[in-house]
Amino acid sequence: MTTDALFDRWADLWGAGMREVWTGYTTAQDTILAQGRALVGQTPAEVVHTEGHVRVLRYTPLVERPLPVPVLCVPSLINHYYVMDLIPERSLVRSMLERGIDVYMLDWGIATEADRSITMDDFITERLGRAIRVVREQSGQPAISLLGYCMGGLMSSLYSVLFPQDVATLINLAGPINYHDDGIYSQWTHREWLDVDLMVDTLGNIPAELLNVTFKLVRPTDEIVRALDWWEHRDDPAFTRRFVAMQLWTNDPTPFPGEVFRKYIKEFYQENRLMRGDLTINGQAIDLGRLMIPTLTIAARRDHIAPWRSVAALHDLAGSTDKELVVIERGHIGMVMGHDAPLKLWPRLGDWLVARSVG
Amino acid sequence: MSRPSESGLREGVEAWEREAAAYWDNLTRSPDFLRRVGYQLSRSLKSQQQITASFESFVLSMAGMHEQSARELYLLEQLEQRLDVLAERIERLEQTLSGDDD
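If you're matching them up, the sequences are chains G and X in order.
Counting in our numbering, the first sequence runs from 1 upward without gaps.
Counting in our numbering, the second sequence runs from 360 upward without gaps.
Same shape as in the complex, but just chain G (with noise of 0.2 angstroms):
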């Protein structure tokens, strides 16, 4: 197929209906991402911890009693938590929560110019670290679990190594271990046409607003698609609910810290460190083999963002006997919150918790 074809066919397209539904869609966008705001993250919780922008929450148990050993929801640097609580039909913390498990979440807050020169070793050891004492302080329990989405699941899983004392078990959500594999990114940070150095001396923090533009350039015809989807369900409450909750969240994307960035994109991405087994965090080398605790590791067939074989590298690599893979035939953010979410990733999560809660 051709540029020309391509265009002649939209061109068609546009004609018999495109063009009102894509202006409908455009012309609705403020209203989509003011109403998603109201929807999101809105599991009763209290903050127990609060270390400048960066706050843990404690959500309120619906069980008389939770189970012993909490686990703590790392999300990603760069989005926001409520990813894991989207709305209460479509909240994995939820799901968590109705099983007796005592959830706590790591809200890393928006990066300001004052995090541009904060390490990831920092971010992994300080403010994760901060993190889990203060669950483990407020739970008595001497380890706790930990649940990292996507770049989170990379920050539990070496947190873990370094400090396996603190953690009772992890779970790898979707967060991508192997960076030299078949996805976009891979490709698009290649330091021949990528230079890091020269993006954080200039920009500081990664704005939000070029890493939104990048996330949509992985397949920016997908936003066709999406329009066609709310033009036809824009009369049905229940889908509109949803659809702005995912619309407000695929598009709030956060800063990304300067010398996170730096260290991300050259070290995973362009050198492909920690597979090769010389990454170090506050110099201390990671070796994934010394991961002995319970381990559940879950991909996703269909993520672009963190392929699937990428993910499952975390259980070829863990040195634990206690260690399960599990592969959803869905995509990164369909997994977590997509329509079978509820059958298909969260029961298989929360038995393998609640199996490794008891203390």
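Since the hints were derived computationally from the structure, they do not count as laboratory data.
Ideal Cβ positions, reconstructed from N, Cα and C, are used throughout, including at glycine.
Mixed in with the good hints, there may be bad ones.
The following residues of chain X were derived to be distant from chain G, with all beta-carbon distances above 12 angstroms [claimed, not checked]:
#1 ALA381
#2 ARG395
#3 SER403
#4 MET421
#5 ALA429
#6 GLN437
#7 LEU452
Which stretches of chain G does chain X cover? Using the computed rule of at least three CB atoms under 8 angstroms from a CB of chain X, they are [as the list claims (entries may be wrong)]:
#8 3 to 13
#9 139 to 151
#10 184 to 190
#11 219 to 229
Derived contacts from chain G toward chain X, CB cut-off under 8 angstroms, selection only [to be verified]:
#12 VAL48
#13 ASP195
#14 VAL196
Model the placement of chain X on the given structure of chain G, informed by the hints.
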């Protein structure tokens, strides 16, 4: 409310989207394309660095000029004070001299 997608539009759009996405994916994995994008990105970032450096230099020179002006103003004030003192002395001297005449 009209529902254009009910008339088979969805099938057409989904088929088009799959082909367009495959075309885009192929294009954006091409080293030649990525080299060109990378080159443009680097040029934009270097331009931004130059603009920032020019702006900072301008701000510093303005601050320097301001400092120079402040120094000159201070010297003028000092000079004015000395002239005032001198004028007072002359006046007193004139009064003394006119007293001697009397």
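Against the structure, the hints:
1. Listed as a non-interface residue, ALA381 of chain X fails to keep its Cβ farther than 12 angstroms from every Cβ of chain G; the least gap is roughly 8 angstroms.
2. Separation of ARG395 of chain X from chain G is inadequate, the least Cβ-Cβ distance of about 8 angstroms not exceeding the 12 angstroms criterion.
3. Under the 12 angstroms C-beta cut-off, the non-interface status given to SER403 of chain X relative to chain G is violated; the minimum distance is some 9 angstroms.
4. With 12 angstroms as the threshold on Cβ separation, the claim that MET421 of chain X sits away from chain G holds: the shortest Cβ distance comes to roughly 23 angstroms.
5. Interface exclusion of ALA429 of chain X from chain G stands, the closest Cβ pair being 30 angstroms apart, more than 12 angstroms.
6. No beta-carbon of chain G is positioned within 12 angstroms of the beta-carbon of GLN437 of chain X; the least distance is around 42 angstroms.
7. Non-interface call for LEU452 of chain X relative to chain G: holds, since the shortest CB-CB distance, roughly 64 angstroms, exceeds 12 angstroms.
8. Under the rule that three or more residues need a Cβ within less than 8 angstroms of chain X, the assignment of the stretch 3 to 13 of chain G holds, with 6 such residues.
9. By the rule of at least three residues with a Cβ nearer than 8 angstroms to a Cβ of chain X, the coverage given for the stretch 139 to 151 of chain G is violated, with 0 such residues.
10. With a threshold of 8 angstroms between beta carbons, the proposed coverage of the stretch 184 to 190 of chain G by chain X holds, since 4 of its residues qualify and at least three are required.
11. Here the stretch 219 to 229 of chain G counts 7 residues with a CB under 8 angstroms from a CB of chain X, which clears the bar of 3, and the coverage holds.
12. Hint on VAL48 of chain G is violated. Least Cβ distance to chain X is approximately 41 angstroms, over the 8 angstroms limit.
13. For ASP195 of chain G, the interface hint holds, since its Cβ comes within 8 angstroms of a Cβ in chain X; the closest pair sits about 5 angstroms apart.
14. A least Cβ separation of about 11 angstroms between VAL196 of chain G and chain X goes past the 8 angstroms threshold, and the interface hint is therefore violated.
Hint violations for this structure: numbers 1, 2, 3, 9, 12, 14, all remaining hints satisfied.
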